[in-house]
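Asker: Spelled out from the first residue to the last, the chains are:
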Amino acid sequence: MSDEQEVITEAHGAGSGQMRELIEELAVSRFESDDAETDVPLAALDDGSVHRLANGGGSVVVTTDSHVVTPLFFRGGDIGRLAVAGTVNDLAMMGATEPTALTCSLIVESGTPVDTVERVMESMRETSEEAGAPITTGDTKVMGSGEIDTLAINTTGVGIVQQGGHVPDAGLSPGDKLIVTGTVGDHGISLLSEREGFDFEGDLQSDVAPVNDLVAAAMDAGKITAMKDPTRGGLATSLNEMASKGGVGLEIDERSIPVSGAVASAGEVLGIEPLNVANEGKVVLGVASEDADAVLEAIRNHPQGADAAIVGEAVDDHVGRVILDTGFGNRYLTEPEGEQLPRIC
Amino acid sequence: MAVESGEPDLQFRDPEKAEQLTDRLEALMDDIGERVTIMHVCGSHEQAIAKYGLRSLLPDGLTIRMGPGCPVCVTDMPEVDEAVALAEEGKIVATYGDMLRVPGTEKSLDDAKADGADVRVVYSASEAAEIAEEEDEEVVFFATGFETTAAPTAAVLTAAPPENFSILSAHKYVPPAMEVVAELPDTDVDGFLAAGHAATITGYGLFEEFVEDYEVPTVVGGFEPIDILFGLAKLLEFIRDDEPGLANAYQRCVSEEGNVPAKETMWDVFETTTGEWRGIAQIPEANLVLREEYSQYDARGRFDIDVDTTSSNPLTEECLCGEIMAGKADPDDCALFGEECTPQDPVGACMVSSEGPCKIWLEYGGQPDI
Ligand code: SF4
Ligand code: SF4
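Chains as they are written, first to last, in the working numbering: chain A, 39 to 383; chain B, 13 to 382.
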């Protein structure tokens, strides 16, 4: 309609369809390779890639993520914790629950107090200890003032899984149960209300945490067929991705999705769905139906999984779509479009 | 005409009550024996209906359509253009977040902001007045919304805001728009579910004349799933009995006379005038403008706002916003829905606001056959 140059917008970064299109166009079409030793390639757009080692020596999982967040220090965490937990969790989502090594690459705006960076580094150290994920190499760049906003961190993670032991996004089959490991929406709603200057009473705070130990407990208890951490785009986006990649439909019971009271009411005030915003310490797992109870119990017995619940199951109808039973009627649960903005009235 | 009470003790989200009510709707539709179209006139109603999947519960033959119920959607392009022009002239323009991306003839406020204009998001008129207190520049509040926001805007003006504060009123008044829609030839509305929020200010008594004049049953409804189903059942009863009645199905918030002081303040400050509702029509007495006594706060009198409204975006001709708000089409009837028109890159205003029908349908998956 116009010959204006196409530009990247914030919506491209919001984590759903538009972002995937961009990645496919820019990256997948260029970097794709048909290496037979790759179990999970770039084109799968999974949380990481998986490559077989020679002689059945397991497979290497590699993942990378860059982190920016406003404010840098927020209720429940900070950018350092986010950067470590985010990468540890991406490895865990592939089944690599014992990270071999992480990198830490900093880009700092000139003029940033050393003290700020130090606090972030200290938080990274604590979180890496908590997750058992050593940070073993890194890099630092300084940019001019105004060229970036204070601080960005890239972390890359490497882990090992048994050959064929990785867990893809695409593994759901009809009959599989879906488990969510705890309350959803905490990170997104808390950050949004902090940013908008709403001071909600109660304990609204980010859930940012490494979940590799929790995932290990779940994997020990039964067969996990697919797994995602519902970060940007929230649970709604993860479920839609799992449905379309797995070639199944999902039937979800909204009443069984754990949402804390504080998040539910703040979400109503802001006009934002808790299912549409980021979580940084939660997992959604597909589990073979005969193992569902055992896996649920193992998760609930873990300190991070007390609120876990079975929220629905995969079916062979309405492939690629997620049906939400609201307790009243049914509707589609769709991926949120773009950034979530608080409402006017 | 009877104004009925009898709102039962509602457990707003009790699925069992919902089931009883849907059974009731079935039975009433059987009695009626023909198609029924109900129009609601509030974005929050559409939101609740979509969010709780209520359309999937409705008996065959009962259709709910959205009317001109979102203040963002009905704000006209030239009104947006005026706000953009003021921002580009260097005034600080403060408005509700939803207004930022509403396309004007050429630009939205968001575009103006990207080009360097000082456009700020506020949650209330009083917050805009506070900005004026802190800043030396002229602050213009782009005042949009129905009775629910017009009353608070009025309250700010009666409280002697700073001299560098003024408003660009795009406030609109709902009842006359219902009259226009009730009269549209190919909109067949059998009953209105009137907006509960607006009625907390104006009172349900306001609709008495409307019901008498247009003989369309009208029920004021709340926003919880049970409120809505209950309101629909009330409407179907009126329709079955062929009685153009009025009922208040939102008694916990709405009274007959409404919020009298708020209403008085609103009418002290504003008067009605004829104006364009985007995509629908010129509607007599449905735009709110400042009365003479408050003209010092009227941005239109205070500044020379120069807008050129001759050019138009060719794509908007395909936009069905007007049809949708007139109850003649659903969002997914529009060829641009979800393709060329998305919340990031909206063609029409209905895709912008969280109360806009197209945005709501996209967000909640439209009208699923499930
Ligand atoms: S202003 Fe209030 S009453 Fe009007 S459409 Fe919005 S929510 Fe409904
Ligand atoms: S989808 Fe877009 S273009 Fe179509 S009616 Fe809705 S707002 Fe207008």
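For the record, the hints were derived by calculation from the structure and aren't laboratory data.
Beta carbons: idealized from backbone N, C-alpha and C, even for Gly.
Some clues are possibly wrong.
Unchecked claim - To spell it out: a stretch of chain B is covered by chain A in this simulated footprint if at least three of its residues, at any positions, have a beta carbon under 8 Å from a beta carbon of chain A; those stretches are:
1. 40-54
2. 367-376
Said to hold, decoys possible - Chain A is nowhere near these chain B residues, computed Cβ spacing over 10 Å in every case:
3. 117
4. 225
5. 255
6. 288
Asker: Evaluate each hint against the coordinates.
Answerer: Structure-based check of each hint:
1. Residue count for the region 40-54 of chain B with a Cβ under 8 Å from a Cβ of chain A: 0. That is fewer than the three needed, and the coverage hint is violated.
2. Only when three residues or more bring their CB closer than 8 Å to a CB of chain A does the claim for the region 367-376 of chain B stand; here the count is 4, and the claim holds.
3. With a closest Cβ-Cβ approach of about 15 Å to chain A, residue 117 of chain B is found to remain outside the 10 Å limit, as its non-interface label requires.
4. Residue 225 of chain B, annotated as away from the interface, keeps every beta carbon of chain A farther than 10 Å; the closest lies near 28 Å.
5. Residue 255 of chain B, annotated as away from the interface, keeps every beta carbon of chain A farther than 10 Å; the closest lies near 28 Å.
6. At the 10 Å boundary, the C-beta of residue 288 of chain B stays outside the reach of chain A, the nearest C-beta of that chain being 21 Å off.
Figure legend: structure checked against the earlier numbered hints; the only hint not met is number 1.
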